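Enquirer: Turn these sequences into a full structure, and let the hints guide you.
Chain order of the listed sequences is A and B.
Per the numbering used here, numbering of the first sequence is gapless, rising by one per residue and ending at 776.
Per the numbering used here, numbering of the second sequence is gapless, rising by one per residue and ending at 535.
No wet-lab data here; the hints were simulated from the structure.
It is possible that some hints are incorrect.
[Said to hold, decoys possible] In the BS3-like style, the derived pairs of lysine-lysine whose C-alpha atoms are separated by at most 25 angstroms in a straight line are:
#: 1; chain 1: B; residue 1: Lys236; chain 2: B; residue 2: Lys257
#: 2; chain 1: B; residue 1: Lys365; chain 2: A; residue 2: Lys603
#: 3; chain 1: B; residue 1: Lys365; chain 2: B; residue 2: Lys295
#: 4; chain 1: B; residue 1: Lys257; chain 2: A; residue 2: Lys603
#: 5; chain 1: A; residue 1: Lys580; chain 2: A; residue 2: Lys489
#: 6; chain 1: B; residue 1: Lys380; chain 2: B; residue 2: Lys349
#: 7; chain 1: A; residue 1: Lys580; chain 2: A; residue 2: Lys633
#: 8; chain 1: B; residue 1: Lys131; chain 2: B; residue 2: Lys109
#: 9; chain 1: A; residue 1: Lys603; chain 2: B; residue 2: Lys82
#: 10; chain 1: A; residue 1: Lys756; chain 2: A; residue 2: Lys680
#: 11; chain 1: A; residue 1: Lys617; chain 2: B; residue 2: Lys100
#: 12; chain 1: B; residue 1: Lys139; chain 2: B; residue 2: Lys52
#: 13; chain 1: A; residue 1: Lys580; chain 2: B; residue 2: Lys480
#: 14; chain 1: B; residue 1: Lys477; chain 2: A; residue 2: Lys617
#: 15; chain 1: B; residue 1: Lys349; chain 2: B; residue 2: Lys397
#: 16; chain 1: B; residue 1: Lys100; chain 2: A; residue 2: Lys603
#: 17; chain 1: A; residue 1: Lys489; chain 2: A; residue 2: Lys617
#: 18; chain 1: A; residue 1: Lys580; chain 2: B; residue 2: Lys477
#: 19; chain 1: A; residue 1: Lys617; chain 2: A; residue 2: Lys633
#: 20; chain 1: A; residue 1: Lys657; chain 2: A; residue 2: Lys680
#: 21; chain 1: B; residue 1: Lys463; chain 2: B; residue 2: Lys410
#: 22; chain 1: B; residue 1: Lys257; chain 2: B; residue 2: Lys489
#: 23; chain 1: A; residue 1: Lys641; chain 2: B; residue 2: Lys380
All values derive from a computational prediction rather than experimental measurement.
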Amino acid sequence: MEQQKPTILKKAINTEWASTALFSVFALLLLGGYNYEYLYKVQNCNLFLANSVFFNETMQHSSGLLRYISRYLAQYLYYPWLGALFMSLGLVGIKKLTDRLVGGNSQLTVLNYLPALLCLFAQTSVGYTLFCNFESAYVVELELGLAISLLLANGIKQKSGYGWIAFSALLCTILYFAIGLFAHLALLAASATWFHSNRRASVAGAGTALVLQALLSHLTGSYLLNEAYSYAFFSPLPDSAYGNLFTISLLALASIVLLPLAGPYTNVDIRHRAYNTILLAAGLVGVFLLSNRDTNFRTELRLQHLTEEHKWEEVIEAANALETPTNISDSYRFLALHQTNRLWDEAFKHSGRLDTIKSPYQDITDLAFTPDLYFYCSLVNKAYRWEMEKWVTTGRNVELLKQFAVYALVRDEQPLARRYTTLLKQTSIYDSWAARMEKYIGNRDQLFADFPSYKRVYDGQIKENVYTENCNLQTSYAKYRHPDKEQMRLRLLLDLYYLNLKQFMADFRYACDDYSQQMPVYMQEALTIYAMQNKQPQLVKMFPVSRPVIELCNNFFHELRLYQGMPEEGAKQLLKYKGTLCYHFAFCNIYDYKDKRK
Amino acid sequence: MRRRRTLLYIIAIGATLLFNSCSNSLPGQYVENSKEAPIYPDYSHLVIPANIAPLNFRLDEAADKVVARLTAGEEELIVTSGKDLELSFPAKQWKRLLEKANGRGITYDLYAEKGGKWEHYKPFTNNVSTDSIDPYLTYRLIEPSYMGSGEMGIYQFNLEEGEEEAIFTNHHDHIKGNNQQQKCMNCHTAQRNHPENKMFYYRGPNGGLLLTYNGEIRKINTRCGDMANPTIYPAWHPSKPLIAFSSNKVLQRFCSNDNCKIDVFDDNSDLVLYDIEKNEISPIRKTPEQQESNPCWSSNGEYLYFNSTDSCYQKSMNPRNLLYNIYRVRYKGATEWGENEMVYEAAKERRSATYPKASPDGKFLLITVSSFGPSTQTNKSADLYMIDLNGNKVRSLDEVNSATESDSYHDWTSNSRWIVFCSRREDGNYALPYFSHISDDGKASKPFVLPRNDSRYHEKLIKNYNVTEFSKAPVTTSVHNIQATLERAEIQATYNGPTVRGVTDGQTGATNPTKRTE
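Expert: In structure tokens:
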């Protein structure tokens, strides 16, 4: 029977490079495109300092050298596309090394993509965990560790005698102090390749690897730094407390041991290739769908990034583009409106049902943004304090160092600013930034001229010294006895934002003289709502509240009655009122610290 | 062929080594600079102990290279820097130099190459004291944070060899399921005459007082009876198996706009005595109208010094009005104590005196004086003061105090000739340990910072030193041993004293026994 010639499309699908190209382009787009802000944040949550103290501290971990190199490389995620390119190439490398490890015609099967796919899945599943007590360079560390482990396993698998196993075990023991678990994983994976040819050697190799891992992680725990038993054993994987991420990473490691057991595949023909390419495409779609695709998460990262660069218009635009704003996105929008003098006019324009962060690590997630909010609200000491809390609870990182330097410059704490810029000069990315900021030490006027946002922060500081323990922004503001007109305006706005009409009226009593002639629309609405609720119509007559505002409030609350007990339906039907304080009061669910504590 | 190549390599390496050793020579031609060389850390015009590790430093101005010539009598040490201008003195030669200079001075001649021309700076001298320094310094390395603890540990530094070793860190703890970052370690101290007896706290789940006594380590819960607070600041009796503690409830508040970002103060505090052999706690001072803290034994163990305020903290009051005085009380043996005796009434001068530390020779009491409160490490006004116990004369130790930053956490060597203290003078945030020599009449020499091999070490370390304490012997308890003790159940101390707290009636002055409420 004459064999049918394959079409050009079939040829393309059937060739090995087609699936490799498909995989690498997908990884590049998923990492560099879809997770652009996430990669930038990963480098911001990372710290690498080119000095001996940092080196020694890092080397005290069982996977010290791997961690050190990963932290170095993670710095370059500052350029997310470049970082994504290298990470994609690394993943392709993992695939190729898996092919070599499994042997036979194994490059033809989609199964060999499993380690690389799981690695990519782990890298893109971090999400809000990134803010927790977590090594952000982990996304690089896992990939690099897997690649080294595969490389080593390919070397070890060449022979299988007992002498060779002993030599390999010794080598892995030495390497354990540099790359941790990945050393023994290599021996385990190599042993798996001997399973079909030399079962005794395979069992001996695997047993040695497992015993060594258990033994060394326990013994070295007394002088190497480890987080907990689980972390000591699985270092450098994330702690098992990180659930999904831990499981996915473990599966990635397990896959390079299990695949050689299944292979080598010798019966793969050309038709299977086509199926495999289709299966690979399905796998890629699966990774995309199962990875962290939380729009809120990515928007919040973008808002933080834009705030760092003082791109206020883009902050407003990005926050407004979010369909369901979060308390964090709203806060950044407020900061940007404040910086662009539009706060009082547009505060509630995007108001709606707020989506609170869906994170099991709520406290830490809040802490990730709190210092920014306090700093741009001119509460610099408070920002510094929370920054320090972040430093010790979520780990040291370059973002915090930058902020410490800026806070010290704004407060004119010159030796402290120099300390932080000196440290930043030891990084690969921020050395020039640090050198530039160093010029502002002792030259704060120039700093303010070049960065008007910092000047605004400085000017907005309340000179009165008040003392607080743990309290939110509203309570902090409430502690000031002598705020000026602008600060009072912010305080009133915050009262309204927090739906606290009673506090608004209490504060308004101190500020009402400033509004005897003219008052912003939101204030007029607030007075009208209060008058309606408390049956005090004379209140709106005492202040310049316009008739359209009174009518608007009347109409809104009249229509609202129709949707009693149906808040979601009401929010939809009364969209024409969106942007008014009435709408904000009726439908906004402000995140409440006290409620959370309950 | 191969042999010839190997020979060439050997010659090349030998030539390089020879060239490098030859480069440790003084420049032939130079111009005189009338200034002294600016160096960092400032190790000039010091009194230094004869057993200190090399005091490495760097030239703190632009130059291509520096050569240092150190001379003590006929002994000479010449060292050349690299481009980093770092001058590192080889340990053996440094020791030989100190031996030669013992009781006399080491003269430093520094030459800097700038654009191909050499300059010779005005020489300076460091005097080498015959008084040796206790060879070990223990301290805690901690982030200068507020509530969270972060990575921290207790370390010991061999002052003679210049080497640091971790005694225990909270990342050594293997106990699973706890928040690692919130495990705090503090208040380490050793018994003066038996330095092998030591203690420190490990706070948090599975924590307790880790006490090494007669070679045995145990975990003890010292909170017992009606004690409202745990024991905190310890003072080990110089010779008996007794530790005096203050039992404090520590609060913090954060200043919105002050340079001093945080106030740390006590809500209430008392003094208790822990008898190690009986495993028993008894009250020393248990007064609701006074807040006693920071106990310290006199050199012979006859008196217990402490600081106390009679303006107890209440929620409505400003903690900056908390002013402490220094008192002492005679120890009569067992659980018997005398009356309070005023040592220094700082409150009368609107100041607060805390952290008394008696010199082992019984002549002086070193204290911290600040504008308010019991806690001094975050208070920029904190300075060291010396009380001459022969006549109770008090003076500010201006020789060592920084102008604007906190100086606190001081300690004496066993020969009463050296003090160590923590100062935030570098940048206002990160405290470093400084040493100073104390003369017979209580005068202090210019302080110098803890020497490290790399003069830039302290710039690279993002940690704070605190609770620095001298020791004659190293801590030998292994990390494994500490870990094992942490995993064991704690031993509960028993309470020997009244289970109610005396509350003085404001009108009659009578003491009514009333149960204490938190």
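Enquirer: Hint by hint, note whether the structure agrees.
Expert: So, going through the hints one by one against the coordinates:
no.	hint	verdict
1	Lys236/B with Lys257/B	20 angstroms, holds
2	Lys365/B with Lys603/A	49 angstroms, violated
3	Lys365/B with Lys295/B	41 angstroms, violated
4	Lys257/B with Lys603/A	53 angstroms, violated
5	Lys580/A with Lys489/A	17 angstroms, holds
6	Lys380/B with Lys349/B	21 angstroms, holds
7	Lys580/A with Lys633/A	17 angstroms, holds
8	Lys131/B with Lys109/B	30 angstroms, violated
9	Lys603/A with Lys82/B	22 angstroms, holds
10	Lys756/A with Lys680/A	23 angstroms, holds
11	Lys617/A with Lys100/B	23 angstroms, holds
12	Lys139/B with Lys52/B	6 angstroms, holds
13	Lys580/A with Lys480/B	17 angstroms, holds
14	Lys477/B with Lys617/A	20 angstroms, holds
15	Lys349/B with Lys397/B	38 angstroms, violated
16	Lys100/B with Lys603/A	18 angstroms, holds
17	Lys489/A with Lys617/A	23 angstroms, holds
18	Lys580/A with Lys477/B	16 angstroms, holds
19	Lys617/A with Lys633/A	17 angstroms, holds
20	Lys657/A with Lys680/A	16 angstroms, holds
21	Lys463/B with Lys410/B	22 angstroms, holds
22	Lys257/B with Lys489/B	18 angstroms, holds
23	Lys641/A with Lys380/B	46 angstroms, violated
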